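Protein chains: 2
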Amino acid sequence: MSTATACPPLLAPLLIRFDPTTGLSPDRPALQRRLSDLAGVFVDETARQARQAINDDLVYEFHDLGLPERSEEIAFGTSIVRAGQVAGEYFMTKGHFHTILGTAEVYYCLQGEGFLLLEDQAGHWSAQPLRPGSAVYVPGGQAHRSINTGAKTLITFYAFRADAGHDYGTIARNGFRMLCVERDGQPEFIPNPRWGSARGNRD
Amino acid sequence: MSTATACPPLLAPLLIRFDPTTGLSPDRPALQRRLSDLAGVFVDETARQARQAINDDLVYEFHDLGLPERSEEIAFGTSIVRAGQVAGEYFMTKGHFHTILGTAEVYYCLQGEGFLLLEDQAGHWSAQPLRPGSAVYVPGGQAHRSINTGAKTLITFYAFRADAGHDYGTIARNGFRMLCVERDGQPEFIPNPRWGSARGNRD
Numbered sequence: 001m002s003t004a005t006a007c008p009p010l011l012a013p014l015l016i017r018f019d020p021t022t023g024l025s026p027d028r029p030a031l032q033r034r035l036s037d038l039a040g041v042f043v044d045e046t047a048r049q050a051r052q053a054i055n056d057d058l059v060y061e062f063h064d065l066g067l068p069e070r071s072e073e074i075a076f077g078t079s080i081v082r083a084g085q086v087a088g089e090y091f092m093t094k095g096h097f098h099t100i101l102g103t104a105e106v107y108y109c110l111q112g113e114g115f116l117l118l119e120d121q122a123g124h125w126s127a128q129p130l131r132p133g134s135a136v137y138v139p140g141g142q143a144h145r146s147i148n149t150g151a152k153t154l155i156t157f158y159a160f161r162a163d164a165g166h167d168y169g170t171i172a173r174n175g176f177r178m179l180c181v182e183r184d185g186q187p188e189f190i191p192n193p194r195w196g197s198a199r200g201n202r203d
Numbered sequence: 001m002s003t004a005t006a007c008p009p010l011l012a013p014l015l016i017r018f019d020p021t022t023g024l025s026p027d028r029p030a031l032q033r034r035l036s037d038l039a040g041v042f043v044d045e046t047a048r049q050a051r052q053a054i055n056d057d058l059v060y061e062f063h064d065l066g067l068p069e070r071s072e073e074i075a076f077g078t079s080i081v082r083a084g085q086v087a088g089e090y091f092m093t094k095g096h097f098h099t100i101l102g103t104a105e106v107y108y109c110l111q112g113e114g115f116l117l118l119e120d121q122a123g124h125w126s127a128q129p130l131r132p133g134s135a136v137y138v139p140g141g142q143a144h145r146s147i148n149t150g151a152k153t154l155i156t157f158y159a160f161r162a163d164a165g166h167d168y169g170t171i172a173r174n175g176f177r178m179l180c181v182e183r184d185g186q187p188e189f190i191p192n193p194r195w196g197s198a199r200g201n202r203d
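Sequence lines, in order, name chains V and H. Residues in the first sequence are numbered consecutively from 1, following the working numbering. Residues in the second sequence are numbered consecutively from 1, following the working numbering.
Hints are computed from structural coordinates only; laboratory data are not their basis. Don't take each hint at face value.
Identical chains blur together in the list; that is why a pair holds if it fits in one copy or across any two.
Stated by the list, open to error - Taking lysine to any residue pairs in the SDA-like style, the calculated list, with each CA pair at most 25 Å apart, reads:
no., residue 1, residue 2
1, K152, P129
2, K94, L11
3, K152, Q121
4, K94, P13
5, K152, A83
6, K94, L14
7, K94, L15
8, K152, D19
This one's a predicted model, so the numbers in the text were calculated from it and none came from an experiment.
Sequences are here, hints too, so could you generate the full structure?
Spelled out as structure tokens, the structure:
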């Protein structure tokens, strides 16, 4: 077996620390998403704007380590979703499909509680519970969003093929079919009245 | 975008729990490797045999969830290496190259302490320290082995492209270049006197 023919250019090994109680790394910065980055993400946009005007809270953070976007590499990092709500809707990530639609992803929950909300292009959805020690496998073809329904920061370690790519646009236009809101102190999934208003207009 | 043309057949989402303090899952069995499964893995084979004759100790466990071996999927699970030694050489996994040599893997350490020992086909090696919260990225082209140098069980969560494949044979014949042994109560890497005795005979 010849290195020259069998291997793409080799990377050096990487050692990157992620504090399991904060999700943050002393070795790499996290990308931040604040209320002001999330226009249209929560169903009550007026409430989001009002809250942002008072304080532009941090909603979530994640890592992009900049590995080459090729199929041999595995992108990884932590996702860190703060506890909070906008008009009863729990703090969450924007959510996305992969650009290479069939590529999967795995999340391993390190801290906190919540859900990974999944939805395929046909609108089939499921909510997979996240608790410390739970791994959720997101099969190909499923958009996914992390939702923090607990009192602590929700921290997950994720891994996906580095060339998978992120299609945020489809979710930005159509939303997820279901919203996760607090009802009587408990999380509940309810239909999103705005879901699919732009369906048929996917990337 | 048509599901029929863009997607391979879709899997259902998977929720699999891995206890972060044992690495074991109530949802899926772990594969076990005992002293009797590890003939030739430790440099002192006589000591391994003698120890096995007294008690066939469990050395490590890991998960094979049986995901389809195709490039869109991500194989994942925990690796669980017990604390122990054979004639001063720490308990460790067999170690392997990926059959698709250029495919990477990531390990996230949940508990314990040790090393991920890496070696490429040219014999370049490195030892990446594993501590809770450390992620080690194994680039393509590097054989890798987990070594437990601590008193607790070493537990890592791993993810790799599901079609990567495991080439155990090359390491079984040639070994790793370096051994990890206890010297004065500390781990130390020393040259493997048997390394490369079968080099030139790789898969």
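Each hint, compared with the structure:
Proximity of K152 to P129 under the C-alpha cut-off of 25 Å is restricted to the intra-copy arrangement: shortest distance 15 Å within a copy versus 29 Å between copies. Proximity of K94 and L11 under a CA criterion of 25 Å is satisfied inter-copy only: 23 Å between copies versus 31 Å inside one chain copy. Taking CA atoms no more than 25 Å apart as the test, K152 paired with Q121 passes in neither setting, with 32 Å inside one copy and 45 Å between copies. In this assembly of identical chains, K94 and P13 lie within 25 Å of each other by CA distance solely across copies; the values are 20 Å between and 31 Å within a copy.
Taking the shortest alpha-carbon separations for K152 and A83, only the intra-copy value of 6 Å comes in at or below 25 Å, while the best inter-copy value is 33 Å. For a Cα distance limit of 25 Å, the shortest separation of K94 from L14 across copies, 22 Å, qualifies, whereas the shortest one inside one copy, 28 Å, does not. In this assembly of identical chains, K94 and L15 lie within 25 Å of each other by CA distance solely across copies; the values are 22 Å between and 28 Å within a copy. Taking identical chains as interchangeable, the C-alpha atoms of K152 and D19 lie at most 25 Å apart whether they share a chain (15 Å) or sit on different chains (19 Å).
Comparing the model with each earlier hint shows a violation of hint 3 alone; every other hint is respected.
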